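Enquirer: Listed here are the chains, written in short residue letters.
There are 2 protein chains.
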Amino acid sequence: MSHINDLQISQLQENTHSKSDNNNSVLQMIERAVLVNSYPELANINDVAWANAIRTARQIKAPRGTTLMRGNAPMQQFMLLLTGTIRVYTPSKSGREITLYRVNPGDLCILSLNSLYQNRNYGVFAEAETDIYALGISAQDFQSVLNESEEFRNFVLSALNARLCDLMCLIQDTAFENLDLRLARLIDRLSKQGESLRVDITHQALARELGSTREMISRILKEFEQRKIIKLSRGFIDILSAESLKQLQDSK
Amino acid sequence: MSHINDLQISQLQENTHSKSDNNNSVLQMIERAVLVNSYPELANINDVAWANAIRTARQIKAPRGTTLMRGNAPMQQFMLLLTGTIRVYTPSKSGREITLYRVNPGDLCILSLNSLYQNRNYGVFAEAETDIYALGISAQDFQSVLNESEEFRNFVLSALNARLCDLMCLIQDTAFENLDLRLARLIDRLSKQGESLRVDITHQALARELGSTREMISRILKEFEQRKIIKLSRGFIDILSAESLKQLQDSK
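The listed protein sequences derive, respectively, from chains A and B. Reminder that position 20 of the first sequence reads as 20 in the UniProt record's numbering, one-by-one numbering, no gaps. Reminder that position 218 of the second sequence reads as 218 in the UniProt record's numbering, one-by-one numbering, no gaps.
Quick caveat, the hints were computed from the structure, so don't treat them as lab data. This structure is a prediction, so every number in the text was calculated from the model and none was measured. Among the hints, a few may not be true.
Here are the computed distance ranges between Cβ atoms for each label pair [said to hold, decoys possible]:
| hint | chain 1 | residue 1 | chain 2 | residue 2 | range |
| --- | --- | --- | --- | --- | --- |
| 1 | A | G123 | B | E223 | 25 to 35 Å |
| 2 | A | T202 | B | N44 | 53 to 63 Å |
| 3 | B | G194 | A | L232 | 49 to 59 Å |
| 4 | A | E215 | B | C169 | 20 to 30 Å |
| 5 | A | L232 | B | T130 | 45 to 55 Å |
| 6 | B | N154 | A | A205 | 36 to 46 Å |
| 7 | B | R55 | A | G106 | 46 to 56 Å |
| 8 | B | N154 | A | D47 | 15 to 25 Å |
| 9 | B | E243 | A | G123 | 25 to 35 Å |
Covered stretches of chain B (chain A as the covering partner; in silico rule of three or more C-beta atoms under 8 Å from a C-beta of chain A) [claimed, not checked]:
| hint | region |
| --- | --- |
| 10 | 95–101 |
| 11 | 152–163 |
| 12 | 173–181 |
Taking lysine-lysine and the DSSO-like style, the derived pairs with C-alpha atoms no more than 27 Å apart in a straight line are [said to hold, decoys possible]:
| hint | chain 1 | residue 1 | chain 2 | residue 2 |
| --- | --- | --- | --- | --- |
| 13 | B | K231 | B | K246 |
| 14 | A | K246 | B | K93 |
| 15 | A | K192 | A | K228 |
| 16 | A | K93 | B | K192 |
| 17 | A | K246 | A | K228 |
| 18 | A | K192 | A | K222 |
| 19 | B | K192 | B | K228 |
| 20 | B | K246 | A | K93 |
| 21 | A | K231 | A | K246 |
| 22 | B | K192 | B | K222 |
| 23 | B | K93 | A | K192 |
Glycine is no exception: its CB is placed at the ideal position from the N, C-alpha and C atoms.
Same shape as in the complex, but just chain A (with noise of 0.2 Å):
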């Protein structure tokens, strides 16, 4: 797994452009084209603040696997990610990992706004599930923007709103609903996703996103294996009664 900090994103940005050479902007036309298609609320902000926060926007790319965020190390820059994914996750002192949420493009990167409002330790990580291309907005430019634009406020408020909601659905699952029954939703959701009913994922993978042992889930999934619910291979799951699997959510 390889890190990148911001004085890595810094030289990554140095390098391949320059912020003085307008015909070398930052957003090429495709580039436009795809923070339009991602963040329709923002693509149409008409606002002279806005316009200088994207021109001057560093390019941020990382593999996959990278550690964009670690613990009590904020990031310094408002990130619009325009392709990939980031798993946001919070580990435990014994290994585990829970999955908070993802950060696909279209939406805000809200752990950006620690770095501004409090830098609070979040005990959060954050890493690339794939390869990325964000573009990062200076904290300095984000503020510019956010006195300065009705719709960009009201895009990171709505953000912000729906983040707390995530979160709270998620509390409610780990507090009130057994693994089982957490594990049967997690696969039917991964399922429908792919729209397969083989789904790619480890065990420990699986662990990770719940929060539990791969030990664990190895157990609930071999009865459900047992069950005739689902098949259990190297690297995959195939889902052999979709409709047991939904039996399963339902009767919890």
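Guided by the hints, dock chain B onto chain A, whose structure is given.
Expert: Relative to chain A, chain B alone:
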């Protein structure tokens, strides 16, 4: 447990003052002093929109035990809590509860934002844990101040950021920590808050804090009692050894 809704709040306000009567303003001298004391960041805002929002704010008074918000019926105003405490919690289908956080004077009631920004169903409840007295700012006035005042924006975003931190910590707690450790921590915290080795709380109330059942809490408390860490009585708990309670938290 009594309930209050927007209509009732509105009637309450109509009865207690008239918006047009400046001599009978919502904010008497004493109330202004309380506001300044509770929300020092907001007291310094020198802005027409803010002055207007405060002048036309509703008074909200509700007795202990009032349900202020229930599930998918969001609040329609932004509350500045002057006195009292609001407990925000989420119930499970099986009748358990977990306390998400508390709103104290000086805190922003972030759930209010939901009505303005997304109206998603949080499934969250709020109840007055004590008698409360608050000012309710209309969604429209809130939006105006947000547009006009950078200090207010910073306060709101900072409050949201802090709440995100709290929720992430709660997820770490529920996903990774054993119930006995969480219970020991809670008793310790309540003791420190009340500055007493006697904690006035029922087993049921402890269960509601931690998303557990009364039976599970009672079992662990008895275990603590057998180990001479606490002594149980009806409606309160005496800490016999603060040292052992501390060790219990460190040992895990």
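Enquirer: Decide, hint by hint, whether the structure agrees.
Expert: Okay, the hints, checked on the actual structure:
no.	hint	in the structure
1	G123(A) with E223(B): 25 to 35 Å	holds (29 Å)
2	T202(A) with N44(B): 53 to 63 Å	holds (54 Å)
3	G194(B) with L232(A): 49 to 59 Å	holds (52 Å)
4	E215(A) with C169(B): 20 to 30 Å	holds (26 Å)
5	L232(A) with T130(B): 45 to 55 Å	holds (53 Å)
6	N154(B) with A205(A): 36 to 46 Å	holds (39 Å)
7	R55(B) with G106(A): 46 to 56 Å	violated (40 Å)
8	N154(B) with D47(A): 15 to 25 Å	holds (19 Å)
9	E243(B) with G123(A): 25 to 35 Å	holds (27 Å)
10	95–101	holds (count 3)
11	152–163	holds (count 9)
12	173–181	holds (count 3)
13	K231(B) with K246(B)	holds (16 Å)
14	K246(A) with K93(B)	holds (18 Å)
15	K192(A) with K228(A)	holds (19 Å)
16	K93(A) with K192(B)	holds (26 Å)
17	K246(A) with K228(A)	holds (13 Å)
18	K192(A) with K222(A)	holds (22 Å)
19	K192(B) with K228(B)	holds (19 Å)
20	K246(B) with K93(A)	holds (18 Å)
21	K231(A) with K246(A)	holds (16 Å)
22	K192(B) with K222(B)	holds (22 Å)
23	K93(B) with K192(A)	holds (26 Å)
Hint compliance for this structure: hint 7 alone is broken.
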